[in-house]
Amino acid sequence: MTTEYKIIEPGGMAGFISDLAKRRKVFAPVVAGSVTKFDWVQDGQAVALDSAIPRSGAKQALLPRTEVLFYFKLGKGTEQVAGPKPPEPQIIFGLHPTDIAAVRVLDAVFSAEPSPDGPYIDRRAATAIIGMGRGPEESPDTCFCEMLGISLMDPGEADMFITRLANGQFMLEVFDSERREKIADLMDCVESLPDASAEDIAELEALRDAAAKRVTDVLDPAELAEKLDGMFESDFWQQIGQRCVGCGACAYLCPTCHCFDISEETRGQLGARVRNWDTCQFSQFTKHASGHNPRDNQNPRARQRIMHKFNYGYKNFGITFCTGCGRCIEACPAHGDVREVLKAIEERK
Amino acid sequence: MGNEVKNLNDLAGQLLRDGEVDVVVGYEKVSRELASRPVVIDQADDAAKLIFDRTCENNLANYLHKLKGKRVGIVVKGCDERSVVGLIQENQVSRDELVIIGAPCDGVIDRKLVHLALERKNFKDARVVDGELVVTTCDGEQRIALEEVVFPTCLQCANRNPRFADYLIAKPASQPDVASISPAVAQTEAMSVDERWEVFAREMDKCILCFACRNVCPACYCTTCFTECTKPKWMSKTDDPADAAFFHQTRLGHLSGRCTGCGACERACPTGVNLKLYNDKLRKDVEEIFEFVAGENPDDDPPMSCFKEEDNDEMFK
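So the protein sequences, as listed, match chains A and B. Heads up: the first sequence runs through residues 1353 to 1701, numbered per our numbering. Heads up: the second sequence runs through residues 2 to 318, numbered per our numbering.
Chain A with its partners taken away, still in its complex shape:
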């Protein structure tokens, strides 16, 4: 099966989304006060597609802020009474290539042997991704994904991909083989759409080519990792650590950050073991049971963030653990800017 190319009229997008929502839960960008964010929608009218990088991304749909691992009952010896509910089939709709690339990072981390992460893998298998491309004029000024080698029109792992054409219509690509089997339940939403013309497809390919051509001045991940290797003991980290307040804004909004803390919540005799988002930026993150804390001030914590994303992640998995979405830059209350950090590192001899 080759890729199918369909057209959605500008006024037909809301209806298309509502149709999808009848078949699976849909997680899509909506306007919420002064920001856009991803949220569960049933009505396609609620979806806002004009913001390329919604404030909180789609990570929540794959790695929920709180996830039950299992339920248990206390008594003479604790017994596990039930696993978590199996994940419902879902769609992440309108995910831009910057965020699709982030899914690749989560996939790599959570499927790594020797201990792949069951809950993540199950939820991921139940997820269809409908991506969306854009032109450079639609990028917020804090998005630097092209500097990290990501093209604004790269569908990556997406099962379907939407591109706005010059005449206002949307091109919908439905990709081939394995991906289409995974989304067989959604195909009747697509089948009724008119086929794209040869001109439409040519326009799409021109947009994709132009986007790929813009990915030129790319940061060399291997060079960056090597530079960082030599910086572990450097007082460079003081520059960031001195102003960083150690909150979780950057990590929680980051589409690739994935650290979690495990806790147990009980009510009387019943309980659940859950995992919650956590971040290496919190002061207690590395505190040992002995009371010793190897990262007991913000300097090594700031170092850890950069090292994990641009050194350890790259060395262990071959991909950079940052996709340049820029949410951390927007969200940081101390106005930290990872682009400035990368530039400073690049300029070091």
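Keep in mind the hints are simulated off the structure, nothing from the lab.
Taking lysine-lysine pairs in the DSS-like style, the calculated list, with each CA pair at most 27 angstroms apart, reads:
1) A:K1425 to B:K234
2) B:K282 to B:K207
3) B:K69 to A:K1639
4) B:K122 to B:K207
5) A:K1695 to B:K30
6) A:K1639 to B:K67
7) A:K1695 to B:K50
8) B:K125 to A:K1695
9) B:K125 to A:K1565
10) A:K1377 to B:K207
11) B:K234 to A:K1428
12) B:K207 to B:K113
13) B:K285 to B:K309
14) B:K207 to A:K1437
15) A:K1695 to B:K122
Dock chain B against the given chain A, drawing on the hints supplied.
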């Protein structure tokens, strides 16, 4: 001293060169449009980096905790200075270890409001000209009235001028007669219990427990926050809205008589939780019950840390 107006860069350089301070905490430019960030300098040569303009929104008093034991020159707006006063009242910092560099301020700009006004278009060449913010977007030059993009907190500010500064870096700002408690407090007080709960629940729904609010707050300085205690575990950090509610209610309790209404928490929140409503309500209640305003005078005794026989005891009747 006092109301003497000095150039910020010259002053900071001089203080460091003469050894009057070990460090100066101020603001520096960033490469991003319409933004600046805190910086700590310890070399006189770095004094040239310091700036002060309408992007300087951070409350630098927060950084005094990390600088304990050092003599600090600190750039403060009127609001930030109240936090410094609070820390002096609580013996966290000593007045004679500080050189207070006062920055009169007419209000700092909220980038989120700029984005809204520009319908989220990117902008550059931002500058303030004659009461307007002027920017260039893909549609050309655009002018926005300052009142539309200044932080709402600032529009109600009754503290435009620092009162205890050793030096000022500009002539005093004019101080309009404003109440520092938002009108939204009275509106919310007038609602029924159920309506007020709905408002609160809607705000708590937005909270992701990132603790940006707590970490930028100069009054929050416990080395182990109650949220971090495991023995006993006071609170869970799940997505149950009760957890976010518990965190904010408890933090508010801990801020009673200590929150100065600087607005740093609200500006820091990445998901737009309306914290100011509750902090303002708290300050209003403290003023009514204890006739006390946080951050007024270094010699004051905050109501939660002392007992006076004439304390209001209405709640016991």
